[in-house]
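Heads up: the sequence shown begins at 0 in numbering that gives the first Met the number 0, then just goes up one per residue.
Please keep in mind that the hints were generated in silico from the structure rather than gathered at the bench. Treat the hints loosely; a few may be bogus.
Said to hold, decoys possible - Each pair of labels, with its calculated beta carbon distance range: (1) P62 x R119: 23 to 31 Å; (2) P160 x D232: 19 to 27 Å; (3) L11 x V146: 31 to 39 Å.
Every residue, glycine too, gets a C-beta built ideally from N, C-alpha and C.
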Amino acid sequence: MSSAPAFRKFHLMRQRWSQLLFAHWPIDPALLRPYLPARLELDLFEGQAWLGVVPFTMSHIRPLGLPAVPGLNRLHELNVRTYARLDGVPGVWFLSLDATQPLGVWAARTLFHLPYLHARISLTQTGDTLRATAERTHRGAAPATFVASWTPGDVLPPAQPGSLQHFLTERYILYTAGANLQQAVRGTALWRGRLFHAPWALRQAMLTEWDSTLVESHGLPTPTGPPLLYAADALDVWVQELRRI
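Assemble the whole structure, with the sequences as input and the hints as a guide.
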């Protein structure tokens, strides 16, 4: 995107997301229900819940009114997600967000109430192939590791409303209830965050390596079968607001 949207003076933070892979599996809704607060309902596609693992690089991080700080304006992230809604508003619900930048993890946990966790993550590109490796290092959190290699392919048509592709990727709301997932699920606090970015430019993706214990670290069973994959081109993201609801 070449320019900021009209509300650029009012956003909380600006970022760029790149080297991103969406990997999703269908999952029994009954398995995921205990991982959401009572106020949230699982967002289902044709009666089916979905669980996602998403590695990517976040760069050009710049809070409202402040310049980017070298050394603090870039991190790698690896999140485990599902989808939820409240009062008919669909959004993303994160089980965990592993990330490399200690100050960024602290800020996300403290200011945005998100379940970020410290991790060592490498995300590299050789030719057309991307490779991500990760090891969770957060004190007191269940251990987890991750290795994946994938090659983005042809550009896909824009995701159409009502399609599974649109359901899994075109999300501009996030829900969170606190930095500790177990406590958040039992509590009553809830926040809704809003993002703005252009629609995803999605691509086919070919997976050549996958070895992960991220899902299992939450006590969920290992996903079965190959994941549904979408690679994505880089885009700029504006964090608009985070409001307690």
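### Query
Does 31 to 39 Å hold as the CB distance between L11 and V146, or does it fail?
At roughly 33 Å between Cβ atoms, V146 and L11 fall inside 31 to 39 Å, so the hint holds.
### Task
Mind checking the hinted window 19 to 27 Å against the Cβ distance between P160 and D232?
holds (20 Å)
### Query
Cβ-Cβ distance between P62 and R119: within 23 to 31 Å?
Since P62 and R119 have Cβ atoms about 25 Å apart, the given range 23 to 31 Å holds.
Checked against the numbered hints given earlier, the structure satisfies every one of them.
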